[in-house]
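Asks: Respectively, the protein sequence lines represent chains A and B.
So the first sequence is residues 1 to 406, counted in UniProt numbering.
So the second sequence is residues 1 to 334, counted in UniProt numbering.
It is worth saying that the hints were derived from the structure and are not from the lab.
A portion of the hints provided could be inaccurate.
[Said to hold, decoys possible] Derived lysine to any residue pairs resembling SDA-like cross-links, with alpha carbons at most 25 Å apart:
id : chain 1 : residue 1 : chain 2 : residue 2
1  : B       : Lys107    : B       : Gln58
2  : A       : Lys117    : A       : Ile395
3  : B       : Lys134    : A       : Asn399
4  : A       : Lys342    : B       : Asn115
5  : A       : Lys68     : B       : Asp32
6  : B       : Lys322    : A       : Gly308
7  : A       : Lys117    : B       : Asn115
8  : A       : Lys65     : A       : Asp345
9  : A       : Lys117    : B       : Val57
10 : B       : Lys178    : B       : Ala144
11 : A       : Lys113    : A       : Asn399
12 : A       : Lys208    : A       : Asn401
[To be verified] Partial chain A-side listing against chain B, Cβ under 8 Å, derived:
id : residue
13 : Thr25
14 : Lys68
15 : Leu71
16 : Pro75
17 : Ser76
18 : Tyr78
19 : Ala83
20 : Leu99
21 : Gly100
22 : Ser134
23 : Tyr224
24 : Val267
25 : Gln268
26 : Leu315
27 : Asp317
Here a beta-carbon is modelled for each residue, glycine too, at the ideal position from N, C-alpha and C.
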Amino acid sequence: METILKIRNISDITNKLTPHNSDLTKTTREQVTVEKLILKKFEDLHSCLRVNQNLPELFKEQHIKYLKDNLFYLPSSYESLDASQTWLCYWIVHPLSLLGVKLEDSDKSNIAKFLGKIIFRCQSPEGGFGGGPSQIPHLAATYAAVNALIILGTEEAYKIINRQKLYEFLLRVKQPDGKFAMHTGGEIDIRGAYCAISVASLTGIMTKELVDNTAEWIVSCQTYEGGFAGCPGSEAHGGYTFCGLAALVILNKGHLCDNQALLRWLVQKQMKMEGGFQGRANKLVDSCYSFWQAGAFPIIYSLLAKDGHILLDHLFDERALQEYILICCQHPQGGMLDKPSKPRDIYHTCYSISGLSIAQHFLNEKHVLGSYRNELVVTHPLYNIRPDLVAKGLIYFRNFNSGGST
Amino acid sequence: MSDSSSDECDTQHVLFKNRPEWSDVTPLKQDDGDEPVVLIDYTEEFEDCFDYFRAIVQKKEYSDRALQLTKTAASLNPANYTVWQYRREILKSLGKDLHEELDYIGKVILKQTKNYQVWHHRRIIVEWLQDPSKEKYLTEEALAKDPKNYHAWQHRQWAIKTFNLYDEELAYVDQLLKEDVKNNSAWNQRYFVVNNTTGFTEQILNNEIDYTLGKIKLLIENESSWNYLRGLLVHDKKGISHNKKVADFCETLYNEGNRSPFLLAVIVDMCSEQLTYDGGDGDSIYTVMRAKELCNDLATQYDTIRAKYWVHMAETIEKQAKEQDIQDTSSSTK
Ligand SMILES: [Zn+2]
Chain A
1 METILKIRNI SDITNKLTPH NSDLTKTTRE QVTVEKLILK KFEDLHSCLR
51 VNQNLPELFK EQHIKYLKDN LFYLPSSYES LDASQTWLCY WIVHPLSLLG
101 VKLEDSDKSN IAKFLGKIIF RCQSPEGGFG GGPSQIPHLA ATYAAVNALI
151 ILGTEEAYKI INRQKLYEFL LRVKQPDGKF AMHTGGEIDI RGAYCAISVA
201 SLTGIMTKEL VDNTAEWIVS CQTYEGGFAG CPGSEAHGGY TFCGLAALVI
251 LNKGHLCDNQ ALLRWLVQKQ MKMEGGFQGR ANKLVDSCYS FWQAGAFPII
301 YSLLAKDGHI LLDHLFDERA LQEYILICCQ HPQGGMLDKP SKPRDIYHTC
351 YSISGLSIAQ HFLNEKHVLG SYRNELVVTH PLYNIRPDLV AKGLIYFRNF
401 NSGGST
Chain B
1 MSDSSSDECD TQHVLFKNRP EWSDVTPLKQ DDGDEPVVLI DYTEEFEDCF
51 DYFRAIVQKK EYSDRALQLT KTAASLNPAN YTVWQYRREI LKSLGKDLHE
101 ELDYIGKVIL KQTKNYQVWH HRRIIVEWLQ DPSKEKYLTE EALAKDPKNY
151 HAWQHRQWAI KTFNLYDEEL AYVDQLLKED VKNNSAWNQR YFVVNNTTGF
201 TEQILNNEID YTLGKIKLLI ENESSWNYLR GLLVHDKKGI SHNKKVADFC
251 ETLYNEGNRS PFLLAVIVDM CSEQLTYDGG DGDSIYTVMR AKELCNDLAT
301 QYDTIRAKYW VHMAETIEKQ AKEQDIQDTS SSTK
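Bound conformation, chain B alone (with noise of 0.2 Å):
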């Protein structure tokens, strides 16, 4: 008997304890004691296959007709990571045809996208079978319904990292920020990939900040791309605020009077930076004075919700700067 997929839903249910194939099984009841607690009011369905379920666990029975069965069980509920774990002893010691498992579980995943046991059964199974070459395919697929989906991401970076597949990635990514400049997993995608292929040089980091100040202009209220900026100038050794492009770019949008708390808090840690380097122009535009009128503004009339975040800030900052007189003027004495 092949573990198909070609029973149970189209036709009538036939319960396991009326199943011929089953009589030699006697059913094992879950145990819930006298008086259960949360108990759930099984269906007859459910309750009656859980029950074979329990008996061939307890037989340790390593069939085709158990196999058969986690198959109705996994399908009434996919989150028993028991049964997906024990379907994989079945394979193994069956030593089942892992490549059917493959297109049966990919089925199973479009059905149940948001579940860590189906992704983690076929990430076992891709493993086993050191085969990934359909793994890109199956989370565009699940990306197609959701392109946040935290699981389909997680597995297809598993996959490209593991088998190398950074190939034609980023161009993958640059495509779903063209349908959604908002969709952050994509630019986490984004960072993924530079920081595990080239890496932050600066030939990349330039042409990751023009990328990005483009997605910016297009959509200033977008959270995710001032995230990645920020990300990006963590890796510009000088510093974010002597980044000249990025400088340019903010102080333009300012000057024309845009107000996005986002770039207004990207300027706040420009103005910040100043405190921790040596010896900052004295004519510099990025002051701890515009650091505090700027938290001020955003506490105020621009990020009114953070309003205590930007107050706090504004502290910090002035605090830093305290201690930084401190230390200056007494290195200075010295």
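With the rest of the complex left out, here is chain A (with noise of 0.2 Å):
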């Protein structure tokens, strides 16, 4: 079924504003002016609907430039990200391939080779992968270059990968009571868990011992609220509930977390006015979230399917999510931004398309805002990766493993 969807009345979207003067705390103040700006770009978009009825548009053209020039130059502002270097493979690659950009076999010969030398430099000797050239290894770069490789897709990418050295890695960080270190000494928290459980799946090499008492660990971390903290006794926050309950999907132990708290908690964090979604209760709406949170939907409906519920539609408003990212979230050069005032980045225009597969794609449903012209290619909810990649490296990893490939 392939269904058009069309944007929500402007008065649908005022009589959602906050009441000015309902209260005087921060972050009742801070709200509405967050709210004021979104309201001011769904305003314009309405005028300019009358001229164009197949608005809003996905800046296809401009967010490919803007993330292949990134690829191969990036400016001194992202210094800040230099302990960060495989996640802006990752947060370049993907994308491009949700935009379904299918790149001359020359460029992408230079581009694995480019992606395969720097990621090559990134691994440690001692198994995994640190954030740039002779950092240690950590668990979220190691994440990051994986999926970056296994996005790749080419023999030259998987063989990277020491998948020896990278599970003595694993364990080396794994505690004896199921939670993961990001390095040797490092900070411990849940994105550990899933950055090491999702690489294990990935490549191949996960092991009972591996993920022993992993399960526990995270669901210690579900929270009153119902989403997952950090740690257990944080709040819950949209980034770590998309890593605990994604591990556990992984690791085939979804039923062992409250499902029904947690669904309840992911729908609350939708904004009514502006569509998208904030991280934790009560904080202001930013568009990273569009995966974090509503990537975690997917993973639900295949809970609920396992307990007998069909669902015939999404649970969350994938209208007005697309909305938020299409509306308020593009920058007109390419690039998306977290909201409206805010500078464009790498990281949330990887998040901002990945969302916005999200909401388009149910089941084999397409749910488009705008023309067809701005859907973009499924992404598979667990790993954040197309799921043709996905099958396709765990193919050749199974293989590897049955000696079928060296």
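Assemble the dimeric complex from its two separately framed chains, guided by the hints.
Replies: As structure tokens, then:
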């Protein structure tokens, strides 16, 4: 089934504005400020809609150019991400793949070589990947590197991963009670569990020993609100909730957490006026949660299906989310932003595009806002990689295990 | 030479390659390959510093000048975990004064409050010293800038839990909630304290419910206080619909015409709970029919952004009710 969604009426948006003088907390003041910026964006779009019925439009060409430019050159403002260079690769190649970019073979090979080289240099002799050349291995950097290589999808890329050493690294940062440190001597939180489980499952090196007690530890991070925190006791948060849920489901232990409370919390994180998601209760909308929060929904659907619940539609408002991303978060020259008034960056570009893809697809249906030219390729909600590329990688490494390939 | 924080910031930065005391070290360039990708256009200062950092790591040099270098490197990129890890190795091997380090990292944190590495460094130094006496104060300074800073709360919880510093914490939380009743991090901290000290005994539960209902009265449209209320009621063995105080509170609000989605959502839960409790009162106001009607009201009028969820909830409740009926019938015919 294919549905073209039409945007909400402006009155549907204005009647959801937070009343100005309802209270004078800092939270409300900041919320009111953001709503004003967003209302302006919606109003501008509505006035253009009279001339062009296909709005809002995804600026595909501009995003592709922005991402490709950044693939080769990043301004010095990215120095703060010098310890996240494998992430920079992933944040660029993934949205390009969702935008359906089919590069020339020569370009592809060049990019593969470039990426191969830089990621190879990031790979540590002790296993795992660091955030850049000669940085010590780190679980998040490892996750990003493995994802980027699987997106490249070539044998050359797969072969870069030293699986034996990777496994040794994962065991080294594993703690006896099931959790994972981000690096030797590093901080411990739920990201570590997700990153470790994700790369182990993708590269076929999962063992019982590696994830002993991990599911139980993850479940202990679910809070009274229903979402997951970074560690037991902390506050429910969108990024950590995605990590907790995705990790549990990869382990086939999704039933261990309270799904009903989780779903209740997740739906509550969608902002009624803005349409996008917030990361925590009473915080501001932010486009990266378009993936971290909305991406949890397809995972929940799979759990509900196991319990015999047949869903006919998304459980969040996919139209409002697409409105937020397309109307409020696109930079006219390409790239996406957290919210109006913020600068564009590749992190928010990656997760806005990922979230847009999640919103546009429900099972095999398409629910696209604007024209069909806006449609993106599907993403796998557990790994945030295209499902065909996940399958291809899994097959490659399975054959590897059974000695079919070297 | 001490590792005090006198230099760099104010005076003109001298590149390491121009410093005579570094002339014996050959800088080590980052190996980007011939045709690099995601190449950052580093400033000269950044590149210079990290060229020397790579060189000393390769030499495994643990010295005062190396310690000083890590400070410059960390100021250029506080997210570089390799720098912090190496700095800790130097501190250990030189047996440095860790109180001085604690002061230094405290200053860095207040400039860089949203960064995993600086808080982690702080935690390790506190662990080494076994001295948590400054942690509450430091986190309060960070929270004064942003009362929802996730890292600061996480660090504070760690210090409180590890060193048993629960005293006065509820008063602090109360203060923050007086400043901003929508501060969800403060509500979460309240739960953390009660859960790890008294636990939710009947009396504590009662007090907490009073406190929360009082805050809801102040501001009804507040997800945080309703979430906390629900979190409390989970500990009520009788279930959420059998707490008379809460039920009366909600019914009064409803009868006064309040249709806050948070209120309606709680009443839906009270109704659907009847399904799982045997032999609910025949004349209870919490019925499946009422739950379905409320879900419908939420979907069409009061919480339309979550319309699909409320439709799903209505269906789920209906389905559960049918299953319950079948069970009841089959057990009564036995
Ligand atoms: Zn964001």
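Asks: Determine for every hint whether it applies to the structure shown.
Replies: Hint by hint, here is what the structure shows:
1. Restraint check for Lys107/B and Gln58/B: not satisfied, since their Cα atoms lie roughly 29 Å apart, outside the 25 Å limit.
2. Between Lys117/A and Ile395/A the alpha-carbon distance is near 24 Å, which keeps this suggested pair within the 25 Å criterion.
3. In summary, the hint linking Lys134/B to Asn399/A is not supported, as the alpha carbons are separated by about 55 Å, beyond the 25 Å threshold.
4. With a C-alpha separation of about 19 Å, the suggested pair Lys342/A and Asn115/B falls inside the 25 Å cut-off, and the hint holds.
5. Simply put, Lys68/A and Asp32/B have alpha-carbon atoms about 18 Å apart, close enough for the 25 Å limit, and the pair holds.
6. A distance of roughly 15 Å separates the Cα atoms of Lys322/B and Gly308/A; the hinted pair therefore holds under the 25 Å criterion.
7. Distance check on the hinted pair: Lys117/A and Asn115/B sit about 29 Å apart at the alpha-carbon level, beyond 25 Å; violated.
8. Proximity of Lys65/A to Asp345/A is assessed by CA-CA distance (about 13 Å); at most 25 Å being required, the pair is judged to hold.
9. Only pairs whose Cα atoms come within 25 Å are accepted, and Lys117/A paired with Val57/B is accepted, the gap being roughly 22 Å.
10. Proposed proximity of Lys178/B and Ala144/B is supported: the alpha carbons are some 14 Å apart, at most 25 Å.
11. Among the hinted pairs, Lys113/A with Asn399/A is consistent with the structure: their alpha-carbon atoms are about 24 Å apart, no more than 25 Å.
12. A threshold of 25 Å between alpha carbons decides the hint, and for Lys208/A with Asn401/A the separation of about 16 Å falls inside it, so the pair holds.
13. At its closest, the beta carbon of Thr25/A sits 4 Å from a beta carbon of chain B; the interface hint therefore holds under the 8 Å criterion.
14. A hinted interface residue such as Lys68/A counts as satisfied when its beta carbon comes closer than 8 Å to some beta carbon of chain B; here the least separation is about 11 Å, so the hint is violated.
15. For Leu71/A, the shortest C-beta to C-beta distance to chain B is roughly 6 Å, which falls under 8 Å, so the interface hint holds.
16. Among the interface hints, the one on Pro75/A holds; its C-beta lies about 5 Å from the nearest C-beta in chain B, closer than the 8 Å criterion.
17. The beta carbon of Ser76/A is positioned within 8 Å of a beta carbon in chain B (closest approach about 5 Å), and the interface hint is therefore held.
18. The criterion of a C-beta within 8 Å of any C-beta in chain B is met by Tyr78/A, whose closest approach is roughly 5 Å, and the hint holds.
19. Hint on Ala83/A holds. Least Cβ distance to chain B is approximately 4 Å, under the 8 Å limit.
20. Restraint check, Leu99/A versus chain B: the minimum CB separation of about 18 Å is more than 8 Å; hint violated.
21. With a least beta-carbon distance of about 21 Å to chain B, the hint placing Gly100/A at the interface is violated under the 8 Å criterion.
22. A least Cβ separation of about 5 Å between Ser134/A and chain B falls short of the 8 Å threshold, and the interface hint therefore holds.
23. Here the hint on Tyr224/A is kept, as its CB sits about 3 Å from the closest CB of chain B, short of 8 Å.
24. The closest approach between the C-beta of Val267/A and any C-beta of chain B is roughly 4 Å, which is under the 8 Å cut-off, so the hint is satisfied.
25. At about 6 Å, the closest approach between the beta carbon of Gln268/A and any beta carbon in chain B falls short of 8 Å, and the interface hint on this residue holds.
26. Here the hint on Leu315/A is kept, as its CB sits about 5 Å from the closest CB of chain B, short of 8 Å.
27. Checking Asp317/A against chain B: minimum C-beta separation of about 5 Å stays under 8 Å; hint holds.
Going down the numbered hints, you'll see the structure goes against 1, 3, 7, 14, 20, 21, while the others check out.
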